[in-house]
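Chains as they are written, first to last, in the numbering used here: chain A, 1 to 336; chain B, 1 to 336.
By construction, these hints were calculated from the structure, which means they are not laboratory data.
Glycine included, every Cβ here is placed at the ideal spot set by N, Cα and C.
Take these hints with a grain of salt, some might be off.
Said to hold, decoys possible - Cβ-to-Cβ under 7 Å is the rule here; a few derived chain A residues that face chain B:
{"hint": "1", "residue": "Thr48"}
{"hint": "2", "residue": "Lys81"}
{"hint": "3", "residue": "Gln319"}
As the list claims (entries may be wrong) - Derived CB-CB ranges, DEER-like:
{"hint": "4", "chain 1": "B", "residue 1": "Gly41", "chain 2": "A", "residue 2": "Asp10", "range": "35 to 41 Å"}
{"hint": "5", "chain 1": "A", "residue 1": "Gln30", "chain 2": "B", "residue 2": "Arg100", "range": "32 to 38 Å"}
{"hint": "6", "chain 1": "A", "residue 1": "Asp10", "chain 2": "B", "residue 2": "Gly309", "range": "18 to 24 Å"}
{"hint": "7", "chain 1": "B", "residue 1": "Arg62", "chain 2": "A", "residue 2": "Arg243", "range": "28 to 34 Å"}
{"hint": "8", "chain 1": "B", "residue 1": "Pro95", "chain 2": "A", "residue 2": "Ala307", "range": "40 to 46 Å"}
{"hint": "9", "chain 1": "A", "residue 1": "Gly246", "chain 2": "B", "residue 2": "Arg62", "range": "51 to 57 Å"}
{"hint": "10", "chain 1": "A", "residue 1": "Thr2", "chain 2": "B", "residue 2": "Pro95", "range": "39 to 45 Å"}
{"hint": "11", "chain 1": "A", "residue 1": "Gln13", "chain 2": "B", "residue 2": "Gly309", "range": "16 to 22 Å"}
What follows is the residue order along each chain.
2 protein chains.
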Amino acid sequence: MTARIDNETDLIQTYLAPLAAGAPGAFGLQDDAALISPEPGTDIVISTDPVRAGVHFLESHRAGDIAWKALAVNISDLAAKGAKPLAYTMALAFPDAPERAWMQSFADGLRAAQTEFGCHLIGGDTDRTSGPLSVSITAFGSVPQGRMVQRTTAKAGDHIFVTGTLGDAALGLALHRDPAFLSRELSSGNRAFLSGRYLRPSPRVALAPLLLSCASASLDVSDGLIKDLGRLAAAAKAGVAIRFAGLPLSPPARHMISAAPQFTERIVAGGDDYEILFAVPPGRLETMRGIALAIPVQITEIGRLEAGGGVTLLDASGQAMHLGGGGYDHFSRVAR
Amino acid sequence: MTARIDNETDLIQTYLAPLAAGAPGAFGLQDDAALISPEPGTDIVISTDPVRAGVHFLESHRAGDIAWKALAVNISDLAAKGAKPLAYTMALAFPDAPERAWMQSFADGLRAAQTEFGCHLIGGDTDRTSGPLSVSITAFGSVPQGRMVQRTTAKAGDHIFVTGTLGDAALGLALHRDPAFLSRELSSGNRAFLSGRYLRPSPRVALAPLLLSCASASLDVSDGLIKDLGRLAAAAKAGVAIRFAGLPLSPPARHMISAAPQFTERIVAGGDDYEILFAVPPGRLETMRGIALAIPVQITEIGRLEAGGGVTLLDASGQAMHLGGGGYDHFSRVAR
Chain A
1 MTARIDNETD LIQTYLAPLA AGAPGAFGLQ DDAALISPEP GTDIVISTDP VRAGVHFLES
61 HRAGDIAWKA LAVNISDLAA KGAKPLAYTM ALAFPDAPER AWMQSFADGL RAAQTEFGCH
121 LIGGDTDRTS GPLSVSITAF GSVPQGRMVQ RTTAKAGDHI FVTGTLGDAA LGLALHRDPA
181 FLSRELSSGN RAFLSGRYLR PSPRVALAPL LLSCASASLD VSDGLIKDLG RLAAAAKAGV
241 AIRFAGLPLS PPARHMISAA PQFTERIVAG GDDYEILFAV PPGRLETMRG IALAIPVQIT
301 EIGRLEAGGG VTLLDASGQA MHLGGGGYDH FSRVAR
Chain B
1 MTARIDNETD LIQTYLAPLA AGAPGAFGLQ DDAALISPEP GTDIVISTDP VRAGVHFLES
61 HRAGDIAWKA LAVNISDLAA KGAKPLAYTM ALAFPDAPER AWMQSFADGL RAAQTEFGCH
121 LIGGDTDRTS GPLSVSITAF GSVPQGRMVQ RTTAKAGDHI FVTGTLGDAA LGLALHRDPA
181 FLSRELSSGN RAFLSGRYLR PSPRVALAPL LLSCASASLD VSDGLIKDLG RLAAAAKAGV
241 AIRFAGLPLS PPARHMISAA PQFTERIVAG GDDYEILFAV PPGRLETMRG IALAIPVQIT
301 EIGRLEAGGG VTLLDASGQA MHLGGGGYDH FSRVAR
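Could you put together the complete structure from these sequences and hints?
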């Protein structure tokens, strides 16, 4: 027999209130509103990025993974702004009364994520929907007053960096859709790595001090490098040429695209990376390199903004590579 | 021919960015995050209350009314906490690419509401869903530090007040579901009044100064007086007896329930009032009455918290009235 939760108070008090324990502005999730008491001299940075079954995750995903990712995509936006995570609110809409085991796994995933990212649940809402499961998180972080790192403030001449490795999540999604595919080519360890990068992204919250002191602009890579780099460059009224061979790729990703070159484009256009793409003016490069040594996040320079426009991707012989897509667009496609 | 918007940038820049004009933390809706710069000595109060077609509104509602209500339900939560509205973020999920005329009407409704309530759009997200239209607003307000009026802090002996009139919205919904019903009994002016109270609730933001200086506890009436009063009383470990004849009813509501007494229960259990229910300790009564004279909101005392528990509703002869329901619960029912 499957136990389902048919009472909102039970759902909140049994599964969600423990995630708010110790957060003073949460009022035990018993009020209609939540509270943030900002430290003097700080601004509050806000990200709101709902996820929905069929668009941002698959119904078949485990509840703990859904919860982790729902929070991670918001914390990633905060991290890209140089913000320190503080708290989040969450609105859940269920197509059916959730099963207890599912809800416990969801709460466990959320606890693991909020512990990792350093924030607490402080409020929200639960109700029912005739549509798919949706998890709408709004996350709050703090930055020193007036110091939020914007997306649109880079300039021609700035150097472009990206954290971590690119394309792992997009390749992980491809494996999820067709688990048998490439099973001969890819070791189980490599498959687990790519799948993990898709299901449980790691927002780069450790990068905040570096961004705050050195970055002229920053955003997270959620729709693919080409599309997000295009946004950063366009706002700077600049262009950029990137060598594919110079992009940071994980060993499993290199392995997969050498076995199946048709997946190469996903490295730069697949989305879901949740790495941070940022610009550094020449005068801040040396300081940035010093801070980078103290931060446990891999950082790779991938190009430099120049007069002109557009993003060009170059192959090993210096020729422009043709891309069919151009990044993932949640608005024009309902399901991948 | 119906023009549809199939491009997210077009949707944001044409219809939403104008709602963010002049708000410094909105960055023209071109960043992934929004910013609030809190005034020194203030806390930020947060409400997050998504609305969804089929649960909180009907597909047949006009876009401008949907927009108004989506914002109003959140501002009402802020108002009940004594907060001054500052800003909001909004995540929209569309089942189909929206029509331009629909989107214009939606933006117009939002503009009217944010002007009325005194806040701006500062960020959000748009995407597509396989489910019904959903509008997820998170609203932000400010209160003097440490002064947010909570729900759970009333005490036995406190006097209970409610703003405005009760039941209008629930009766308005009944008329929406069956427009022909009662058309002989109710004038078109009365029908328009009740319908307007359902479609375009007026959050009581003007009440903030009174709540901050005199209320021991407060919440908005969104699930019906009985249910919400039950929450306030239960948290105070107290009970309360209310005379039905002493409740504030509008003339159209009195007219409708005298013509159709079967709707009487909706006055106290129908929900969607968005009035404010608050408790005042005896020692603050005189101050409260003074402030009330300066505030353009009707305030009615409806009872007093006593030792014991539960909410009792009394008829004209002092007998307890029996209620079938007990307030509206979005969690256990998908559509009304």
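For this session: Any hints from earlier that this structure breaks? Give me their numbers in increasing order, please.
Result: 3, 5, 7, 10
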